[in-house]
Amino acid sequence: MSVPGAKAGDVGQRAASARTLSVLVEDQPGVLNRVSSLLRRRRFNVESLNVGASEQPGLSRMTIALHADDAATEQAVKQLYKLLEVRKVTDLSDERFIGRELALVKVAASPETLAQLREIAELFGARVIDVAPRSVVIEAVGSEARIASLLEMVRPYGIREIARTGRVAITRGAGGGEG
Amino acid sequence: MVTATVTTIPRDRTAPDPAPRAARPYTGAHALCEALVREGVDLIFGYPGGAVIPLYDVLTDYPAIRHVLVRHEQWAAHAAEGYARATGKVGVCLATSGPGATNLVTGIADAMLDSTPLVAITGQVGIPMIGKDAFQEVDIIGVTLPITKHSFQIEDVADLPRVVAEAFHLASSGRPGPVLIDIPKSVLVAPTAPSAPPPVELPGYRPTKFGNMGQIKAAARLIAAAERPVVMAGHGIAISGAINEFRAFVERADLPVAFTLHGLGALPASHPNAIGYMGMHGHAHVNRAIDGCDLLINIGARFDDRATGRVDAFAPGATVIHVDIDPAEIGKNVKTAVPIVGDARHVLAALIEAVREQRRPEWHAAIAAWRVPPPPATFDPDERTISPFKLIAALRAATGGEAIFTADVGQHQMWAAQWGAYERPERWISSGGAGTMGFGLPAAIGAQLGHPEAEVWAIVGDGGVQMSLPELATIVQEGLPVKVAIFNNGYLGMVRQWQQLFHDRNYSHTPISSPDFVKLAEAYGIAGLRVSDPAQVHETIARARAIAGPVVIDFRINPEENVYPMVPPGGANSQMIEMEPDAVE
Chain A
7 MSVPGAKAGD
17 VGQRAASART
27 LSVLVEDQPG
37 VLNRVSSLLR
47 RRRFNVESLN
57 VGASEQPGLS
67 RMTIALHADD
77 AATEQAVKQL
87 YKLLEVRKVT
97 DLSDERFIGR
107 ELALVKVAAS
117 PETLAQLREI
127 AELFGARVID
137 VAPRSVVIEA
147 VGSEARIASL
157 LEMVRPYGIR
167 EIARTGRVAI
177 TRGAGGGEG
Chain B
3 MVTATVTTIP
13 RDRTAPDPAP
23 RAARPYTGAH
33 ALCEALVREG
43 VDLIFGYPGG
53 AVIPLYDVLT
63 DYPAIRHVLV
73 RHEQWAAHAA
83 EGYARATGKV
93 GVCLATSGPG
103 ATNLVTGIAD
113 AMLDSTPLVA
123 ITGQVGIPMI
133 GKDAFQEVDI
143 IGVTLPITKH
153 SFQIEDVADL
163 PRVVAEAFHL
173 ASSGRPGPVL
183 IDIPKSVLVA
193 PTAPSAPPPV
203 ELPGYRPTKF
213 GNMGQIKAAA
223 RLIAAAERPV
233 VMAGHGIAIS
243 GAINEFRAFV
253 ERADLPVAFT
263 LHGLGALPAS
273 HPNAIGYMGM
283 HGHAHVNRAI
293 DGCDLLINIG
303 ARFDDRATGR
313 VDAFAPGATV
323 IHVDIDPAEI
333 GKNVKTAVPI
343 VGDARHVLAA
353 LIEAVREQRR
363 PEWHAAIAAW
373 RVPPPPATFD
383 PDERTISPFK
393 LIAALRAATG
403 GEAIFTADVG
413 QHQMWAAQWG
423 AYERPERWIS
433 SGGAGTMGFG
443 LPAAIGAQLG
453 HPEAEVWAIV
463 GDGGVQMSLP
473 ELATIVQEGL
483 PVKVAIFNNG
493 YLGMVRQWQQ
503 LFHDRNYSHT
513 PISSPDFVKL
523 AEAYGIAGLR
533 VSDPAQVHET
543 IARARAIAGP
553 VVIDFRINPE
563 ENVYPMVPPG
573 GANSQMIEME
583 PDAVE
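Keeping their order, the protein sequence lines are chains A and B.
For any residue, its number in the working numbering is found by taking its place in the first sequence, counting from 1, and adding 6.
For any residue, its number in the working numbering is found by taking its place in the second sequence, counting from 1, and adding 2.
Bear in mind the hints are in silico, worked out from the structure with no lab data behind them.
As the structure is a computational prediction, the values presented were derived from the model and not from experiment.
A virtual CB, placed ideally from N, CA and C, is assigned to each residue, including glycine.
Be a bit skeptical, because a hint or two may be false.
[Claimed, not checked] Taking lysine-lysine pairs in the DSBU-like style, the calculated list, with each CA pair at most 30 Å apart, reads:
(1) A:Lys-94 to B:Lys-211
(2) A:Lys-88 to B:Lys-521
(3) B:Lys-91 to A:Lys-84
(4) A:Lys-84 to B:Lys-337
(5) B:Lys-211 to B:Lys-337
(6) A:Lys-94 to B:Lys-219
(7) B:Lys-334 to B:Lys-219
(8) A:Lys-84 to B:Lys-219
(9) B:Lys-337 to A:Lys-94
(10) B:Lys-334 to B:Lys-91
(11) A:Lys-94 to B:Lys-134
(12) B:Lys-219 to A:Lys-88
(13) B:Lys-334 to B:Lys-211
(14) A:Lys-88 to B:Lys-91
(15) A:Lys-84 to B:Lys-334
(16) B:Lys-91 to B:Lys-211
(17) B:Lys-337 to B:Lys-219
(18) A:Lys-84 to A:Lys-94
[Said to hold, decoys possible] If you only want the chain A side, here are some residues facing chain B, beta carbon under 7 Å, derived:
(19) Ser-43
(20) Arg-47
(21) Gln-85
(22) Lys-88
(23) Leu-90
(24) Glu-91
(25) Val-92
(26) Arg-93
(27) Lys-94
[Said to hold, decoys possible] Rough simulated footprint, nothing fancy, chain B against chain A, three-plus residues with beta-carbon under 8 Å:
(28) 27-41
(29) 67-81
Input sequences plus hints: build the corresponding full structure.
Here it is in structure tokens:
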């Protein structure tokens, strides 16, 4: 394996923006600790980190959402590869990918506003999944931007609680796999 | 001056064999010792304690392994580093759980920053006790996470042979570094059966050995076309055992060679292509050559800030070729035009074939014209205090460049880097990346055990040596003829120098008192010598060398001597302070 000749400072360097790394890791004790310790120590700006099972037994997939420029992203990829448990790092910023997040939002509700909230949820492809006398829970899946828009719409009703998963991502089409 | 008689303390190894013990069950402790023997370990630096008593109990059944009892675990780690750096083998240190393990931390960090192959074995409380804040329980895996190449905590005794094999493979291959094995007491005492480990198979670890041929050819084209090339020789050359290939490469392309701290000796200092030491306290002509070069060829160095100075002003006119086995080092600090990921020895072998025979007389002449001659090894009759850089030259002259110098951290280290004129890399062992005071004495112990026939000098300051003084007892107990040269100026000299130059001479807490080092040496049963008269330096060195055992020499050097040149912190290497500012006034 040889690392392509990336030159920091070259024309075409992209400034700091949202980046997504898809990282295939071995299911070993402490692997999450190693990854998060590395990201903290080298001061990478992590927006979210999500981990769950992958398509291969014994391997998990982490989705790391970073705010970074090209040079920092390249360093993050290289440093992650130095961890023994890391099998494959894909910088999705360079690929066509789908990024999604799940948000559960508890919003204050009354019999008068319930219908309005249902309507807003539907507008965003979200659902009301729990109704209580004074609140509802909306389940929304989408891009961060879409979820942000939904939150803006329901904010006037009074958001009581939010739980979000952070971004999970996958390449479009035939790309991806361990490679 | 008083010379003490060296007292020989009987070593455990010479003690009569204990009465034969009843056959004991084969346990994790046996499996560990056998795994260490399998890796060729014949030396461990360690300190016993509760969690590792079962291991120590079994250790005496394995006479192939010599155990050196240190006086504090930190020095076990540094001694193991000294051994590793002197021999190229993996150094091994051993500590008990809790404070024993945490005392290793600085040594582990030091090995990480200097890419030194080290296996640190720590005891741990038994598995049922882990997480209960048991006596002497510390999460050493968590503590050392960012300062190890990898770490293991063994949960199943059956994993021991495999984990030890993997740990030694990881520590010594690719970019070497420290690997920690944390072994719960319940695993050490668990019954098991002897077993050989499976072949090491780590799918997530495949260091690149051979450089990309396209990049190597691109590098060769740049080298052929360059008018003012300079090679930056790093630690990677020694680590990969590439000194022969390196020499052939720089001779063929006729390249001037600048050394980083750990690159010193990668090419003999006496070689015509060796121009000298670079960086914050590098030789002025070397920094000047790099400042003016049009091509910089970095082989096995990581562009450390003490080597580069202000990075945006480093080698401003140069195209950069960077050879490194660690891809993450490329582009980390300095923009690189031609990255070559690979082992220095393999890459250099390919580069020798790719470059053409060239001569560069004008460029060499230009560098030579900037060169300041090295200090003489002799002292003028009118000198009242011992000049420390002349003292380095005197030690170098007396030992003929054959001795191993280990150094602490500070002014004496920089004088030794500047004027030690090393002919081979293992003759200069120092703490670079971490800059760990106290390193010199334990490193000398490790180097001496690695090369029993060699003359080993610990070059230390009065500050650093007071951190690791207890190891004088280890030197005596192990019968090591280490020579300890204390550059005693009554200050924490490097900090005092910064205070003088950049903090209005506010010598805040840098004056430091010392014990009577001669009496102290005698108390340990070591010969002690003191010299403050420059005229007696040579005679004193000769006396020390004539003593077969260890010697401590208290060299009273000029108290406010500074290290020059000096690049001001945060400054560019082209902005060196070349001499004492007062001298100009």
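Hints violated by the structure (listed by number, smallest first) = Going through the list in order, the structure violates hints 2, 11, 27 and respects the others.
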